[in-house]
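J.: Chains as they are written, first to last, in our numbering: chain V, 169 to 428; chain F, 90 to 155; chain E, 497 to 795.
The set of hints was computed from the structure by calculation and includes no laboratory data. Everything numeric in this text was worked out from a predicted model, so none of it was measured. By construction, the Cβ of each residue, glycine as well, lies at the ideal position given by its N, Cα and C atoms. Don't take every hint at face value.
As the list claims (entries may be wrong) - A short list of chain V residues far from chain E (calculated; beta carbon distances all over 10 Å): (1) Gly171; (2) Leu175; (3) Tyr273; (4) Met277.
What the hints assert, rightly or not - With a cut-off of at most 25 Å between alpha-carbon atoms, the simulated DSS-like pairs for lysine-lysine come out as follows: (5) E:Lys610 / E:Lys647; (6) E:Lys633 / E:Lys671; (7) V:Lys265 / E:Lys671; (8) V:Lys425 / E:Lys633; (9) V:Lys265 / V:Lys420; (10) E:Lys610 / V:Lys425; (11) E:Lys509 / V:Lys420; (12) V:Lys425 / E:Lys671.
Residue strings, one per chain:
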Amino acid sequence: MNGFSVLLQKEWREHTRNFKMLWMPLVFIIFGILEPVTNHFLPEIMKSIGNMPEEAEFLWPEFTGEEIFMSLLGQYQSIGILVIILAFMGTISGERKNGTATLLYVRPMSFLSYFLGKWIVVNGIVLGSVWLGFMAAWYYIEILFNRVDAGAIFAFVATYSVWLVFVVTVVLALSAWLPTGGAAGLAILITLVYQFIDSLIGTYWTVSPWKLSMYASYWFEPDSELSNLWMSLGLTVILIVILIVFGVFLSKWNASKTTV
Amino acid sequence: MAELANIPWNLIMPLIVLQFILMIVALVDVIRHRRTNGPFIMWIFIIVLGNLIGSILYFIFGRRQV
Amino acid sequence: MTPLLQVDNLTKKYGSIHALDTVSFELEEHTATALIGPNGAGKTTALSMLSGLVSPTGGSIQFQGGVKQDIRSIIGFLPQYPKFFPWLSALEFTEMAARLSGVETRQTTIEAKKTLEFVGLGEVMNKKTGTFSGGMKQRLGLAQAIIHKPKLLLLDEPVSALDPVGRRQVMELLKELQRKTTILYSTHILNDAEEMTDQLLFLRQGKLVEHGSLDEVRARYAEPRIVIEFEGIQELQRFTEVTKWQVTSKGLIVSIDVRLEKAEMSSVLSVLTAGKFLVRRVEWQTASLEDIFMKVAVI
């Protein structure tokens, strides 16, 4: 683990100084507020625009707080993940391309420290941002909708967080493997596109990281069967470990591709 | 005007403030940094007019390292 | 005494192209070796392999007494165009480099400041490297390469990108370093090579085509000759009629190949004074490093 704390400090400085530490939480918090606010005021907004027939008012569904949490998760699943991929696609490949990695790679550092330093800081930013987003949403949901059981919210967010760590690990491992463009493309394919495919044809298997975002909502229904959720969590953690090993190996393997 | 008064500003205000902070951070960065992919005047327009999306676009695509 | 570094048949292939082809040499401790060759000769490839960045296709690199730890800890490397994280200050970067290279944590700040003073960046050490000029980056590159007092310093074209003043200053720094460590540097500027070198290695198309000390290489290619420039063509003709030496003439200049004719300066001078020849200059000439370079490395 040679150089771990130095490399961790370097990543921290990088992301505070390029403002990611500021704008990523802001973006997720804004989404977290927008979701309950727009859902609450949408019927009124529609009414004030005035083109709605009178009876449409009765057709407007009444959302519960739990449903707002789930629709916010839906937002994070599309726009949120896209932002995460685009913000971190060049984490390793970018350093190789612009040559800044060279003066790190010629030193006796371990690539495990190198990869883990990035992994920890990126996960910290992503999870911190998403948690702040859910907290903001929680506050608004309590005011505009109903009180949601705190334990259920924690379990919901914790389950979703495991999926997010998986996404971050995929992005970093791909960035260790491929040039930035390829890493972004493949990451979108693996997380966003496959997510969609899994929801279409994935009814035959129940244990999958891609189902975690759906299983997270089980916490809001007290008598859900949770065995699939637990098995998916276990599988996801195993896949995360494998991807880390893969990422460490590939960043070392590709070290010679750095621009000298 | 009655409708304006009906809007619960105390709930909407934080949203406006946060978006404003994001925009200001992006603008300060673009003006101080001046190294962007593409003309930096264009990015000022994108940030100001594009609001939330504009600022996100700037931080992801507009900002150039090295 | 065993050399610090022994390189045997070092080879790097990219597909079917030999970037470096069975190159062997040794580096003695506390010497400076210049790696000379035209662009694309394999200089950067050779340095990249010694730095541990690129793994060789064949051959071996051996350090004195073998190396127990990571070889990267006893090497300092300066790439031709060093790239820094623009959001770090020079001091922060040098500290990071020091800690990554195993300098004791409590010493890093002191060492980093000392090294930055040494390379002449003391005034600007708290400025972000993103604002640095090419010359400043080169100095910072040197600082990060020497911060951990490496046994071997690898420098890729250390002064080529600098203006004459900057080049002068960096050369002086390098000469000072030469007393403390072993230096292997590449260059295509032959004046630099002439100034600081104990050994020359000429690369051409990945092959080591010539090597030795400056004097050895010179002696091999010197073609020493005595050159006489006359005042007028009549004088020159008068000289060629009386001389017993085989000469070649061009314009007002006559040159005598010393190795063929066993001529000596003193005998030439006595012939000239005895005949009262009107001459502008008489000179002993050997090939310059530039001439040798053209012969050895370009062809």
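J.: Evaluate each hint against the coordinates.
T.: Hints, one by one, checked against the model:
{"no.": "1", "hint": "Gly171", "in the structure": "5 Å, violated"}
{"no.": "2", "hint": "Leu175", "in the structure": "8 Å, violated"}
{"no.": "3", "hint": "Tyr273", "in the structure": "6 Å, violated"}
{"no.": "4", "hint": "Met277", "in the structure": "5 Å, violated"}
{"no.": "5", "hint": "E:Lys610 / E:Lys647", "in the structure": "19 Å, holds"}
{"no.": "6", "hint": "E:Lys633 / E:Lys671", "in the structure": "19 Å, holds"}
{"no.": "7", "hint": "V:Lys265 / E:Lys671", "in the structure": "33 Å, violated"}
{"no.": "8", "hint": "V:Lys425 / E:Lys633", "in the structure": "22 Å, holds"}
{"no.": "9", "hint": "V:Lys265 / V:Lys420", "in the structure": "15 Å, holds"}
{"no.": "10", "hint": "E:Lys610 / V:Lys425", "in the structure": "33 Å, violated"}
{"no.": "11", "hint": "E:Lys509 / V:Lys420", "in the structure": "20 Å, holds"}
{"no.": "12", "hint": "V:Lys425 / E:Lys671", "in the structure": "32 Å, violated"}
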